[in-house]
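In terms of full-length UniProt numbering, the sequence shown opens at residue 1 and continues consecutively.
Since the hints were derived computationally from the structure, they do not count as laboratory data. One should not assume that every hint holds.
What the hints assert, rightly or not - Using 27 Å as the maximum straight-line C-alpha spacing, the simulated BS3-like pairs for lysine-lysine come out as follows:
| hint | residue 1 | residue 2 |
| --- | --- | --- |
| 1 | 211 | 97 |
| 2 | 59 | 2 |
| 3 | 97 | 453 |
| 4 | 453 | 59 |
| 5 | 224 | 3 |
| 6 | 85 | 224 |
| 7 | 189 | 211 |
| 8 | 211 | 224 |
| 9 | 384 | 59 |
| 10 | 59 | 30 |
Here the structure is a predicted model, which means the values were calculated and not measured.
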Amino acid sequence: MKKTLVLLGAGSASFTISILKDLILSEGLKDCTLRLVDIDESRLEEARRAAESYNTEAKTDIQIEAYTDRRKAFYGADFVICAVKIGGYGPLEAERKIAEAHGYYRGIGDRVSCYFGGVGAYWQIRFLEEVAHDMEELCPDAWLVQTANPVFDGTNYLTRYTKVKAVGVCHGHFQAYTVADIMGLDRSKVTTEVVGFNHHIYLTDFRYEGKDAYPLLDQWIAEKSEAYWKSEAYNTPGEYGFVPEELTPGVIDAYHLYGLLPIGDAIRSASPWWHHTDFATKEKWYGKNGGFDSEICWANYLHNKDIHHEKIRKTLDAGEPITKVYPLEASGEQHIPLINAIATDHYQRFTLNVPNNGCVPGIPDDVMVEIPVIASARGIQGIKMNPLPRRLMDNVIYPRMRTMNNLHEAYRNGDRSLLVLELMHDHRTKSFEQAKDLIDDLLAQPWNVDADKHYR
Numbered sequence: 001m002k003k004t005l006v007l008l009g010a011g012s013a014s015f016t017i018s019i020l021k022d023l024i025l026s027e028g029l030k031d032c033t034l035r036l037v038d039i040d041e042s043r044l045e046e047a048r049r050a051a052e053s054y055n056t057e058a059k060t061d062i063q064i065e066a067y068t069d070r071r072k073a074f075y076g077a078d079f080v081i082c083a084v085k086i087g088g089y090g091p092l093e094a095e096r097k098i099a100e101a102h103g104y105y106r107g108i109g110d111r112v113s114c115y116f117g118g119v120g121a122y123w124q125i126r127f128l129e130e131v132a133h134d135m136e137e138l139c140p141d142a143w144l145v146q147t148a149n150p151v152f153d154g155t156n157y158l159t160r161y162t163k164v165k166a167v168g169v170c171h172g173h174f175q176a177y178t179v180a181d182i183m184g185l186d187r188s189k190v191t192t193e194v195v196g197f198n199h200h201i202y203l204t205d206f207r208y209e210g211k212d213a214y215p216l217l218d219q220w221i222a223e224k225s226e227a228y229w230k231s232e233a234y235n236t237p238g239e240y241g242f243v244p245e246e247l248t249p250g251v252i253d254a255y256h257l258y259g260l261l262p263i264g265d266a267i268r269s270a271s272p273w274w275h276h277t278d279f280a281t282k283e284k285w286y287g288k289n290g291g292f293d294s295e296i297c298w299a300n301y302l303h304n305k306d307i308h309h310e311k312i313r314k315t316l317d318a319g320e321p322i323t324k325v326y327p328l329e330a331s332g333e334q335h336i337p338l339i340n341a342i343a344t345d346h347y348q349r350f351t352l353n354v355p356n357n358g359c360v361p362g363i364p365d366d367v368m369v370e371i372p373v374i375a376s377a378r379g380i381q382g383i384k385m386n387p388l389p390r391r392l393m394d395n396v397i398y399p400r401m402r403t404m405n406n407l408h409e410a411y412r413n414g415d416r417s418l419l420v421l422e423l424m425h426d427h428r429t430k431s432f433e434q435a436k437d438l439i440d441d442l443l444a445q446p447w448n449v450d451a452d453k454h455y456r
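Could you build all of it, start to finish, from the sequences and the hints given here?
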């Protein structure tokens, strides 16, 4: 049966192109309807033109529709992919400067610079709640495939407090194979498993040719890490200015502290606070320019987003095929393969964010975990995993769960004091007054009028 997919936030050009390419390359979804949704009409039109360009070049029959009103797009939908970031990056960067003026270097919240999307994750949670209510009314059987941050807090809000079927999707776990590459292993002979929360995942099973590869990692650290950190390969920054992050001194330090190797964005979000006290310390632990979220590399990332968008626009305006700049090849993202598995009843293994339901010992059933799962027409079933190390649970996992609970309760009850209490756990907070003044200052900004009224 022909399926209908909705992409919220289609004006995010690079992500939309990833979805389009994977759809075209998916045997089971080539005749689907793709409804693009964005409130920015010019960006929506560019996304539609890019989609039609791929359609023409690939000679596929995907029906492309464009909407500025998501409710019209939701009617009869089977899957909704959400890539929406409310408000863009301007207010978020302004909030970072305000926080720095109060003594919080690089801002508050998650160390991934855009994760919460603003104070208390208010705007992202509110938007997801509104989307869920629309879906309950207009497409109650549809899956909501959540990819916009905060994946952990946002998707967990959906599964706790709404009736929609929601799953969180991220790609950080694939970096486990980059670890193998750096170690000089043949990635075709490597298998991995990761467990944790979104942006807090750890390599729980690492095998090479079927055997435990952690001893090989320990050997690499002892014999080759110092030479690697002096090598050209390590000290040559990439597109955004940071060096390869998978086996930095900071990652190895975290591995030794917590007992498992952090993977993907855990390298950023879950790294120890004392790795990030200032720029020089960031460079010590994460190499030249201090890692993705330093003041240098994050600025490069924001600048390059505009460059990518402009490249797409110029290509379309010139009447050139979009494949000239973005060849038709699989993106490596999980969204479309997941949808295909559910839509065509094709059993497939993924690493996704799902309610725990007993899969990871010591974590409540209603808390989202990022773990291996099996997807098919029957839904998404988590795979039961072994316990995480106690020191990792107590010092990383449980504190992150507390943050999520505080954000949820603060939002549901309009409780400003919970935002302050959460900030009291930040090592940079020297007094209750400092934390309260910052929260009040952030909520007093003109873009936060609704949030200021909400949190009493």
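Results of checking the hints against the structure:
1. 211 <-> 97: violated (48 Å)
2. 59 <-> 2: holds (18 Å)
3. 97 <-> 453: holds (22 Å)
4. 453 <-> 59: Distance of about 51 Å is beyond 27 Å: violated.
5. 224 <-> 3: Given that 27 Å is the threshold and the Cα spacing comes to 51 Å, the pair is violated.
6. 85 <-> 224: violated (41 Å)
7. 189 <-> 211: holds (10 Å)
8. 211 <-> 224: holds (21 Å)
9. 384 <-> 59: The hint is violated at about 42 Å.
10. 59 <-> 30: holds (10 Å)
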